[in-house]
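J.: Positions -32 to -1, 1 to 312 (mature numbering (1 follows the signal peptide of the UniProt record, and there is no 0)) are the ones given, in order, by the sequence shown.
FYI, nobody ran anything at the bench for these hints, they're computed from the structure.
So the derived label-pair ranges between C-beta atoms look like this:
(1) 202 to 126: 41 to 47 angstroms
(2) 116 to 232: 31 to 37 angstroms
(3) 197 to 119: 21 to 27 angstroms
List of simulated lysine-lysine pairs, DSS-like, C-alpha gap at most 30 angstroms:
(4) 218 to 230
(5) 230 to 190
(6) 230 to 164
(7) 164 to 190
The structure displayed is predicted, hence computed values, not measured ones.
Heads up, the beta-carbon is just placed ideally off N, CA and C, and yes, glycines get one too.
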Amino acid sequence: MARWRIWRPRSRAVPFLSLLLLAPLVFTGLKAVNKIGLSSERNYSRGHVTFVTVFTTYNSDPAEASKLPSNVVTVGKHSYSKVGRSMAILNTFIGFIQVSMPRSNVIILTDPNSKLTHGSAVILPIEGNYSRGNLMFQRIRSYIAFLEQRLEELETVEDINHLIFTDSDIAVVTDLGHIFEMYPHCHLALTFRNNKGQPLNSGFVAVRGTRDGIFKAIEFFKEVLEAYYLKYMEASRMLGDQLALAWVVKSYLPSAFSKFSKHEAFTGEVNGTSILFLPCAVYNWTPPEGAGQFHGMPLDVKVVHFKGSRKRLMLEAWNFYNSTSELSDMLCLILRSGRTKYDF
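From just these sequences and the hints, can you work out the full model?
T.: Written out as structure tokens, the structure is:
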């Protein structure tokens, strides 16, 4: 089992075509669909970028999960048990990163009691309560512990390694290093949407890899954790962190909320931390689900978030990509998600 260390770029060739989901494609009769073009943004980051996610399994050994006949779901030619499909999503998450940012690493923060192993990621056990009802609270604690360890390492070695904390059900479809290049004075980045109850989504948080950036991120996450503990422990298990995140931002920067409907990036300061606010429509886009809900795909999408039952679509897209040698556009599969209720 690998342990956290100072990360350096891996010198390996690009294993796949570097972009998918966004190639030009015209769909006859689908009037609401945007015509999506290939992005030209590549290799922006002077510092290395590492993706960090929290992942655990419950009551099952991932290695044995695929052998269980119960709760099996079939996606194309592949069948998955309940835990098996969670592992498939994790593998797909890593696969998309290897396609779009092949020099990046992936770190999985997990329960020390987990039997999780992975050949393409570093497993970092962090003590805590990873039960389903406490997972979002624990995720913030794990982020803080990880960042504190990284900050300690930077006392002896200055190695700029930017960090992007994400859910494991996202697909990175282009290089994200430009975030750190285009906004050099921001300590961290959050994604926003025009949603009154949950305007900030916790599934994507970028942290500048300097000592100052990591220190500021630690202080920010500690405030979010405190707000969560004091105000939102009774919230639904998937909402507490986002409610706490919004509360902290609103406490220091209420003017930000008037900008969430404009879908344009902007910056602001929250208790001494310089924050870049990025639109979910580009950096954390979720395909609508169900008949009549789809109104096109935003231009320049960089991160697709397959929340909830959309995880099936994530697997379908990845399986399709691996079945062809052509430069393929997964837009057709995303379009299909706008008219279908999936069974994940």
